[in-house]
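Novice: Residue strings, one per chain:
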Amino acid sequence: MIQLAGLLAWLLHAGLVALAAPALTGFTRKLRANLQGRRGPPLLQTWRDLIRLWRKETVLADNASPVSEVAPLVIFAASATAALLVPSFALGLSTAATSDLLLITGLFALCRAATALAAMDAGTWFGGIGISRESLLSFFAEPALLLVFFTLALVAGSTNLDHIADVLRTGALGLRVSLGLGLAAAISVGLTTLGRLPIGNPSTHLELAMLHESMTLEFSGRSLALIEAGAQLRFFTWLALLATIFIPFGIAPAGDILDWPRGLLTFGAKMLLLTCALCFFEACVARMRIFRVPELLGIALMLALLAVLFLFVSQGYT
Amino acid sequence: MLLVLLAILAALVGIGVAEAALPQLGRLLRTTAALICAAGLVAVALDLVLALPAETLQLPFGPPGVGLTLALDGLSGFFLLVVFISSGAALFAARDEPLAGAPLIPVFVAGMVITLLAGDGFTLFLGFETMSAASWLLILSHGLPLAAAKAGRLYMTMAIAGALTLLGAMAVGFGVGGDFAAWRAAPPTGLRAAAFLFLVLAGAGSKAGLPPLHGWLPIAHPAAPAPVSAMMSGAMTKVALYVIVRLLFDLAGPNPPLWWGVPLLIMGSLGALLGAARANFETDIKAVLASSTIENIGVIAVALGLALTARAAHLPLLASLALGAALLHVLGHGINKTLMFLVAGAVDHQAGSRRLDRLGGLIHFMPVTAVCAIAGAASLAALPPMVGFASIWMVFQSLLTAPRLGSFVLQMLIPIVALLLAGGGALALSAMLRLIGVTFLGRPRAVRTAGAHETRLPISLLFVGLAAASAVFGLLPGLALRLASPALQILTGTDLSGRAGWFGVGTQATGGAYYGALPIAAILAAIVAAVWLLLRRHPALSRRARAWDCGYAAPPPFLPFGDTTTQYGAASLSEPLGRTLGVPLFDWQMATSIPEPGETRPARFGVVWYDPVLRFLHAPVLRARDWLADRAELIQRLTIRRTLAMMVAALVALLVIVAILEQS
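Those protein sequence lines, which keep their order, are chains A and B. Using my numbering, the first residue of the first sequence is number 1, and each one after it goes up by one. Using my numbering, the first residue of the second sequence is number 1, and each one after it goes up by one.
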């Protein structure tokens, strides 16, 4: 019975991800535009864009290899798998046993690799800029993220996301300094990997402001639709990850169907809160020079290390 | 089973001799040697699956008083597996190559097998040195004489220094004589044990590529012919690791002090970072791969150090998880590095260069090789669902469950080790993307590249087989861990049964973190298949056009591959990393020379860097070797009277030593 409920909850989660991921990106664009005093695109514009791209002709470069055709598929599949693993409104989904933080990092790395290979395939120079910059940023971002996981594993005793959320939700942990530091580090890493301000700018195609967009410039039609959908899924996944770990309140257990509406509502509220915070932050800051970003990520790294240290000291060391 | 392996050993040596006598039969003999390796692989796999008891065999010959002892147990069996896979593939790929040092290749393999089968210190040393000498001669026999001599000189010096250190380690730890059973009964203690630990790490570690003695790898490994490089990186480094495991885990007794794992943790994490960083700056395919070997050996060393510490802290479950991670990584890296070096050989052969700046777009000319290389690189970069991810996942899990280990210093060390390892992992992915992207994707950077063809069918099949092995072990890590089970039983008293099953690996039998390799791969495959079917069901318009390239004008017709300088290359892809990471680590600098107005020379723009380890650590060793060689030269110029006097003095000195030894 519980397994059936888990499967049902997972299917609902999958539907929610599929519908809400593009809508979330659309909402972010709208809100950000409003905060900047513009009207912004309609909420459903991202959906319309995806449908339009799906119908359009796909133009491949003359010297593009099968990598250009396969990479968008891999990007989409890896992003979707990661999105399916991160719990949204309920704990105890069918995938709960395998929803591991390190695995999700691995899936994001797979996206990065597929994007980079696709960018180099046409042999144009714009892709190279993005790859070389991302390899610099990932060198600082990944260790910081790992230390955040280290903190979580120390608190919860496992890297299983479902288990972590459960421990943080039910355990009388109080307000932890370590978790706060971990949150700050995780947000910096998230902004970097998603290419948001102040690291990258998702809404321009200016050479100096680009991180991820420069790698997808040669793509069009359905390939671009898959890549964009993948980016939207990753954005959704990151916010859901932050919501599940750092705001673990109000998640419904999958076995209790009557509790689901409450779980859905609180999940919506949490995502709304995170999106509003992100948009407000993005409206206030300017983009950094690329070689200043390692400083920001270095601070994130130090914060994450401090989080581990505090945990050692507060829990006593033996 | 030991007798079968003995026969295989004899056959390998026999093939070496036969090849020296009848070079015209080279192709046939090398194919036979590859088949012999395959037979050995089957025999060892059977041995491991059936978990046959350990065997010992006293050979009826050998040095008087010491003898030769062979032994086979789960640990040597697992490493034999890796050696046979790597050597078999390399020998098969070497079939058609006219190699000057071909008779030495089977001898090289035999040396590795002897080291793994050694049952006493002398046999171990004999095998280790056969392996070193054969690979040194193979380096010398290949390539331009001057470059080969330079690489060979560095390699030989490091090998001799390592051999002397290893010999010293065994002498300090256990004295002379006696087989492993006797050594195991009387492990070193106190200060002797500490000296033993550091001598082992310096001696075998220099061969494996553990820092600080790692700088020579990216110079010496690429200097050999590709199949030999594949064996050096894929198998020989693992044999050196085996020596470390055998001496530190097995022979040094079950209860070494808690801090014994610390040097391995520090050296390993530094190696992971430095190796991966260097891989981003090297511009020769094989040097990139050799640097990546340093990174992977570092990862394995971290897992070994953790296993050693956990075992000393009486945490057998953690110890077996960490050791299982190390062994899985040994197997995965052995397969993938062999594949990648053989691919590098094929690229060198077909495109006429190993320099990244002379390659590009090879996926159009060598599609099968390119796809296999992408699979191998994905595994080396630890991407799911390849085997590299499974083992790295286990390494990180054992690090994450380890913090309640030992004193505060050790507890603080573990997050820092994890930090360095994660940095190394990110850099390894960057290095592999750069390698694949510059070699196989984009446009050719030299006209010669367009003359490349796909490798012949048997070699292509070999590449596909190796890539498939890497994927299979990635999807079913439990299968590889089952093969490692006898070794885990010997060294930690427990194995991963209950934790590693068909579907994935977990940190605990129930609860804990779990990596479901097969389910995740199934979800990924299902999504890919669904989208692909959707694409097929509703075909949209698709056409080819000139790359958009941000609207730049089309290249003139005399540039068939476009303007080669506008494409990102080996140096430009690592430029941001160089500015931040390369400056402190490798003294990375941009070397520009702009001509004055009126000058006719071209403007040059490049990058210079060096590995400080080479300058500050390897250079003094080389100088010491030269100094010793000069002193030794004097002996040859002595007059007859002095020669006779020296001989008498040597005799007297030896007699004095014997007298002292007899008295004590």
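Source of the hints: derived by calculation from the structure; they are not laboratory data. If you're wondering where the values come from, they're calculated on a predicted model, not measured in any experiment. Heads up, the beta-carbon is just placed ideally off N, CA and C, and yes, glycines get one too. Watch out, some of these pointers could steer you wrong.
[Stated by the list, open to error] From the derived model, a few chain A residues whose C-beta atoms are all more than 10 angstroms from chain B:
id, residue
1, G106
2, G221
3, V285
4, S314
[Stated by the list, open to error] Examples of chain A residues toward chain B, derived with CB under 7 angstroms:
id, residue
5, Q3
6, A5
7, T58
8, E69
9, L102
10, F150
11, H212
Novice: Please go over all the hints and tell whether each is borne out by the structure.
Specialist: Against the structure, the hints come out as follows:
no.	hint	in the structure
1	G106	violated (4 angstroms)
2	G221	violated (6 angstroms)
3	V285	holds (22 angstroms)
4	S314	holds (13 angstroms)
5	Q3	violated (15 angstroms)
6	A5	violated (19 angstroms)
7	T58	holds (4 angstroms)
8	E69	violated (9 angstroms)
9	L102	holds (5 angstroms)
10	F150	holds (5 angstroms)
11	H212	violated (14 angstroms)
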